[in-house]
Every structure is written in structure tokens, then in C-alpha cells.
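There are 2 protein chains.
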Amino acid sequence: MPFPPTPALATDAVVFDAQGRVLLIRRKYPPSQGGYALPGGFVDVGETVEAACRRELMEETGIEAGRLELIGVYSDPQRDPRGHTCSVAFLARVANAEPKAGDDAAAAEWVEDWRRLALAFDHALILRDAERLARAS
Amino acid sequence: MPFPPTPALATDAVVFDAQGRVLLIRRKYPPSQGGYALPGGFVDVGETVEAACRRELMEETGIEAGRLELIGVYSDPQRDPRGHTCSVAFLARVANAEPKAGDDAAAAEWVEDWRRLALAFDHALILRDAERLARAS
Numbered sequence: 017m018p019f020p021p022t023p024a025l026a027t028d029a030v031v032f033d034a035q036g037r038v039l040l041i042r043r044k045y046p047p048s049q050g051g052y053a054l055p056g057g058f059v060d061v062g063e064t065v066e067a068a069c070r071r072e073l074m075e076e077t078g079i080e081a082g083r084l085e086l087i088g089v090y091s092d093p094q095r096d097p098r099g100h101t102c103s104v105a106f107l108a109r110v111a112n113a114e115p116k117a118g119d120d121a122a123a124a125e126w127v128e129d130w131r132r133l134a135l136a137f138d139h140a141l142i143l144r145d146a147e148r149l150a151r152a153s
Numbered sequence: 017m018p019f020p021p022t023p024a025l026a027t028d029a030v031v032f033d034a035q036g037r038v039l040l041i042r043r044k045y046p047p048s049q050g051g052y053a054l055p056g057g058f059v060d061v062g063e064t065v066e067a068a069c070r071r072e073l074m075e076e077t078g079i080e081a082g083r084l085e086l087i088g089v090y091s092d093p094q095r096d097p098r099g100h101t102c103s104v105a106f107l108a109r110v111a112n113a114e115p116k117a118g119d120d121a122a123a124a125e126w127v128e129d130w131r132r133l134a135l136a137f138d139h140a141l142i143l144r145d146a147e148r149l150a151r152a153s
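Keeping their order, the protein sequence lines are chains W and B. Quick note on numbering: the first sequence equals residues 17 to 153 in the working numbering. Quick note on numbering: the second sequence equals residues 17 to 153 in the working numbering.
Bear in mind the hints are in silico, worked out from the structure with no lab data behind them. Every value quoted in this text rests on a predicted model; they were computed, and no experiment measured them. There's no promise every hint is true.
No copy is singled out in the list; a pair is fine if it fits within one copy or between any two copies.
Stated by the list, open to error - Okay, derived cross-link-like pairs now, SDA-like style, lysine to any residue, Cα gap no bigger than 25 Å in a straight line:
#1 K116 x D92
#2 K44 x F19
#3 K44 x S153
#4 K44 x P20
#5 K116 x E128
#6 K44 x P21
#7 K44 x P18
#8 K116 x L133
#9 K44 x L149
#10 K116 x A67
Model the full structure from these sequences, guided by the hints.
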């Protein structure tokens with residue numbers, strides 16, 4: 017491709033259930049190995065960011081997203097210790113579904129007290145923005 | 017970087033003035049050489065998408081953006097004939113400013129009848145979404 021180097025493109029999903037719980041994974045690999053994080057991952061060439069978000073959510077948690085709403089774009093060069101990544105974050109809401117961990121996720125679970133957890137990367141910031149969007153829409 | 021290949025990351029700016037005109041450039045290089053387009057370009061590694069948007073706007077039109085509002089993320093793999101690029105588009109409003117073309121722009125001008133123009137890439141779609149956001153906010 018004739019393009020200059022640009023930040024790596026990723027996506028994260030904030031999924032709330034009807035009780036206000038958030039779907040989190042435990043990371044299988046570094047950075048933040050074992051820590052809580054939002055489901056997500058890198059966007060493939062040839063794939064839209066929405067498709068990547070649905071794919072990563074399915075691979076890591078077994079959960080199928082309905083409508084996706086754009087939360088924001090997170091591109092602080094320091095947000096990932098491995099290098100500069102930009103994440104496009106989406107909000108989804110599901111009624112009832114049992115998560116099943118897979119791929120890069122060691123575990124996948126509905127978390128009620130997510131406000132108390134230390135989350136990987138800037139996922140606490142993404143979650144705060146998602147909560148604001150969920151209340152407004 | 018240990019990252020897999022991902023789409024190239026770009027940004028575009030929709031700038032409206034107080035009369036509802038849109039700031040457009042004429043492209044100096046292919047694709048759509050000579051055609052109208054939104055100011056924008058690739059995000060550098062180490063730069064946020066907001067900073068890239070302001071930088072490209074300044075380089076191509078000499079205009080400084082105030083507050084940026086996120087319009088959307090455009091990642092259709094076919095949107096750029098050169099390869100897969102994902103654009104993060106922002107809305108800005110300026111009161112009065114005289115554009116001055118530079119960098120990849122052969123010209124930069126305020127355009128009143130932009131709805132009639134054939135724009136490069138998916139910029140007509142981005143402009144429609146920007147107009148909806150501008151009316152709502």
C-alpha cells in the first residue's frame with residue numbers, strides 16, 4: 017500500500033445488560049495479563065470497524081451485538097504500552113446472554129461493580145463515556 | 017511494532033461558516049485530482065486524530081479549527097481506491113476566515129452550493145452526516 021505509517025486501528029465494545037452490568041473479559045496475554053478489559057481487538061484490512069467490533073465481541077465472549085452506537089475515538093499515543101493504537105469504541109445493549117470466553121480472553125463475565133475495578137488501557141475512560149451515551153440515548 | 021496490519025488511519029474536517037458554506041479543497045494529486053474534497057489526510061504515529069485533523073486543516077487551508085465534534089468513523093474498505101483507509105471525521109465551525117491553499121490542496125475555498133458538487137471518496141456522505149450533527153447541536 018502506498019500509505020504512510022499510521023497508528024494501528026482497533027475497536028472496543030461496551031456491552032450493558034438490562035441490569036446495568038458490563039461485559040468484561042480477563043486478558044489472556046500482556047499487557048495487563050489477567051486484568052479486566054473491554055472486549056475488542058484490531059481491525060483487519062478489508063473489514064469495517066463495526067464488523068471488527070462484532071467479530072471481536074463474538075470471538076472473546078460468544079455474544080452477538082445488536083445495534084452499535086459510536087461512543088468515541090481514543091487515540092492518545094500513550095494509551096497502549098506496545099505502541100500507538102487508536103480505538104473506535106461502540107456501545108451495545110443485550111437483554112440476556114451467557115458469555116463464553118474465547119480467543120484472547122481468559123474469562124468473560126457480566127460485572128456489576130465495574131466502577132471499582134482497575135481496567136486495562138483507557139477502558140475506564142471509555143466506560144465513563146459509554147455510560148453517558150447510554151443515559152442520553 | 018508487534019501489531020497486525022490494520023487499515024490506514026485518516027481524518028477529515030467539515031468546516032461550516034456562519035452562512036452555511038463548507039470549506040472545500042481541490043485535490044492536487046490523484047485520486048480525484050482536481051476534484052473537490054474535504055480537507056484531511058493521514059494521522060501520524062504519535063499524534064491524536066484531533067491533532068491530525070487540526071494539522072491537516074491548517075496545512076491545506078490555513079484555517080485554525082476551534083472545537084471539534086466527532087461526526088463519525090468511515091471505514092468501508094472500498095472508500096479509497098488506493099487501499100483500505102478509515103477516516104475519523106470532525107465538525108468545526110468558524111466565524112470568518114480567508115482560506116489559503118497549501119500542501120496537498122491546489123485550492124481552498126468556501127463553497128455555497130456544495131450539495132450539487134461531486135465530491136471525492138465518500139465525502140458527500142460525511143457532509144450529510146455533518147449537516148445533521150450541526151443542526152442537532
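Here's how the hints hold up against the structure:
no.	hint	result
1	K116 x D92	neither (31 Å within a copy, 30 Å between copies)
2	K44 x F19	between (32 Å within a copy, 17 Å between copies)
3	K44 x S153	neither (33 Å within a copy, 41 Å between copies)
4	K44 x P20	between (32 Å within a copy, 18 Å between copies)
5	K116 x E128	within (17 Å within a copy, 53 Å between copies)
6	K44 x P21	between (28 Å within a copy, 21 Å between copies)
7	K44 x P18	between (35 Å within a copy, 17 Å between copies)
8	K116 x L133	within (21 Å within a copy, 50 Å between copies)
9	K44 x L149	neither (29 Å within a copy, 40 Å between copies)
10	K116 x A67	within (20 Å within a copy, 39 Å between copies)
Consistency with the previously given hints fails for numbers 1, 3 and 9, ordered from lowest to highest.
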